[in-house]
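Chains A and B, in that order, give the protein sequences.
So for the first sequence, the working numbering puts the first residue at 13; every next one is plus one.
So for the second sequence, the working numbering puts the first residue at 403; every next one is plus one.
Please note: incorrect hints may appear among the correct ones.
[As the list claims (entries may be wrong)] Below, simulated DSSO-like cross-link-like pairs (lysine-lysine); rule was C-alpha separation at most 27 Å, straight line:
no. : chain 1 : residue 1 : chain 2 : residue 2
1   : B       : K422      : B       : K468
2   : B       : K466      : B       : K416
3   : A       : K119      : B       : K466
4   : A       : K122      : A       : K75
5   : B       : K443      : A       : K75
6   : A       : K15       : B       : K443
7   : B       : K416      : A       : K119
8   : A       : K29       : B       : K443
9   : A       : K83       : B       : K443
10  : A       : K122      : A       : K29
11  : A       : K122      : B       : K443
12  : A       : K119      : B       : K468
13  : A       : K15       : A       : K122
By construction, these hints were calculated from the structure, which means they are not laboratory data.
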Amino acid sequence: SQKIEQNSEALNIQEGKTATLTCNYTNYSPAYLQWYRQDPGRGPVFLLLIRENEKEKRKERLKVTFDTTLKQSLFHITASQPADSATYLCAGGPYSGAGSYQLTFGKGTKLSVIP
Amino acid sequence: GAVVSQHPSWVICKSGTSVKIECRSLDFQATTMFWYRQFPKQSLMLMATSNEGSKATYEQGVEKDKFLINHASLTLSTLTVTSAHPEDSSFYICSASGHSYEQYFGPGTRLTVT
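My request is simple: use the sequences and hints to build the entire structure.
Shown next as structure tokens:
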């Protein structure tokens, strides 16, 4: 079955450094990957989407890459701040019809930015 | 940005009763809504996908007679947990999507069945 794997359950990083989170996919080729932020007891918040034909996408301090050879996406937060502490979810999925798309989520990586 | 609301944000009910959770897209028309369940420290598990005006498509292992989904309009979907049991206690989250890849999530509903 198709899987999205985020192998690091938790990541601690010093404030000001760049945080790098990894997402791998197996048994399918997603047309796109998405990254979400989830705070405790809240629903996920959409951050970035990258399509399979795009190598890199940026939004402010965020950068995401998509490597179809390695079957991997990397999510970077530069100049990290304590407010960036949250769980980050990777999700992907193929087209499922009706103009909208099902997502398969990874378990997430809990990022803690230490002041 | 797109806003999705859920009501209630938390609910406690007795075993055997039914609970209805509402999901609304406030500022856009959601052609598709998704219902997820999330257990502590686990990933979001898709329960069902619903398109406005048609029957929901349930994921394998999700009982459609237990989790009733109605998507009556482009801005409202409801999930009813029927004859709830303690093992149904979880965090239920809906998301809505228009004609794009992005899904916009509601804040979630914490269900506790005693």
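We went through each hint and held it up to the structure:
1. B/K422 with B/K468: 12 Å, holds
2. B/K466 with B/K416: 21 Å, holds
3. A/K119 with B/K466: 25 Å, holds
4. A/K122 with A/K75: Holds, at roughly 18 Å.
5. B/K443 with A/K75: 25 Å, holds
6. A/K15 with B/K443: 17 Å, holds
7. B/K416 with A/K119: With Cα atoms ~30 Å apart, B/K416 and A/K119 exceed 27 Å; violated.
8. A/K29 with B/K443: 26 Å, holds
9. A/K83 with B/K443: 24 Å, holds
10. A/K122 with A/K29: 16 Å, holds
11. A/K122 with B/K443: Given that 27 Å is the threshold and the Cα spacing comes to 10 Å, the pair holds.
12. A/K119 with B/K468: Since the Cα atoms of A/K119 and B/K468 sit roughly 26 Å apart, the hinted pair holds (cutoff 27 Å).
13. A/K15 with A/K122: 19 Å, holds
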